[in-house]
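K.L.:
Quick note, the sequences are listed as chains R and U, same order. Just so you know, we're using my numbering here: the first sequence kicks off at 1 and counts up by one. Just so you know, we're using my numbering here: the second sequence kicks off at 101 and counts up by one.
None of these hints come from the bench; they were simulated from the model. Just so it is clear, CB atoms sit at the ideal spot from N, CA and C, and this is done for glycine as well. Hints are all accurate, no fakes.
Going by beta-carbon spacing under 7 angstroms, a handful of chain R positions derived as facing chain U:
#	residue
1	I55
2	G74
3	P75
4	L79
5	A82
6	D86
7	V90
8	A93
When the alpha-carbon atoms are kept at most 27 angstroms apart in a straight line, the in silico DSS-like pairs for lysine-lysine are as follows:
#	chain 1	residue 1	chain 2	residue 2
9	U	K143	R	K92
10	R	K42	U	K192
11	R	K38	U	K192
Number of protein chains: 2
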Amino acid sequence: MKDSLFAELLESVEQMDEIVKGEREPAKERFVAASRLKLIRKKVNLSQPKFAMLIGVELSTLRNWEQGRREPTGPAKVLIKAIERDPENVIKACISS
Amino acid sequence: MKDSLFAELLESVEQMDEIVKGEREPAKERFVAASRLKLIRKKVNLSQPKFAMLIGVELSTLRNWEQGRREPTGPAKVLIKAIERDPENVIKACISS
DNA sequence: ATCCTACATACGCCATTGACGTATATTAAA
DNA sequence: TTTAATATACGTCAATGGCGTATGTAGGAT
Numbered sequence: 001m002k003d004s005l006f007a008e009l010l011e012s013v014e015q016m017d018e019i020v021k022g023e024r025e026p027a028k029e030r031f032v033a034a035s036r037l038k039l040i041r042k043k044v045n046l047s048q049p050k051f052a053m054l055i056g057v058e059l060s061t062l063r064n065w066e067q068g069r070r071e072p073t074g075p076a077k078v079l080i081k082a083i084e085r086d087p088e089n090v091i092k093a094c095i096s097s
Numbered sequence: 101m102k103d104s105l106f107a108e109l110l111e112s113v114e115q116m117d118e119i120v121k122g123e124r125e126p127a128k129e130r131f132v133a134a135s136r137l138k139l140i141r142k143k144v145n146l147s148q149p150k151f152a153m154l155i156g157v158e159l160s161t162l163r164n165w166e167q168g169r170r171e172p173t174g175p176a177k178v179l180i181k182a183i184e185r186d187p188e189n190v191i192k193a194c195i196s197s
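Could you put the whole structure together from the sequences, leaning on the hints where they help?
P.N.:
Have a look at this one:
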């Protein structure tokens, strides 16, 4: 990872910091709404079983999310959102076990 | 997302399926060992507070992981592993709120 | 040397989740 | 219409995540 690029990322994390602290307006929502999860899964065209495996949860857990019975935890939301934003790269990084 | 590339990804997910079912040998470990988490965080050069924010957990939760008091849940492991494998793209996808 | 701030270790407590199970419904293909 | 794959729906419970507090450490600044 080149240093210049890394510096940019670091800057973004700093900005994220300020957003959380309320010193800056967030550009958009940071997390997936549980209700949008199904749409995201459809977007990458995976069945519940495969998507669940991809993101490392039990099938039943994914179902709980899609049916609104449970709320995904933080990392799950971040991961799903990341998949939504850049499916190619993120899914690749998830898969290559 | 181009269809050809997507087809490749889908194939990979199918393979992942077979791995989980024991029909195929996994290339490597699928998940992060909790003990490796700190090394991964150092690799991307982020403090505990910033890394916790990045992956969407409370600082105390990340600390529990690094100190071996708790085990990250599935999506957290996948996300961390993805960050390890492709920090640039995955962190970018996580950040862009 | 002392203060100060950021960063990290360590752990108690409890509401919420994830995992596991079962039963039913829908869809598509054979 | 039978079959298999996919999805809805929900009960139960151990384990986690979030929250708090206390302590330790490394680095500058004064």
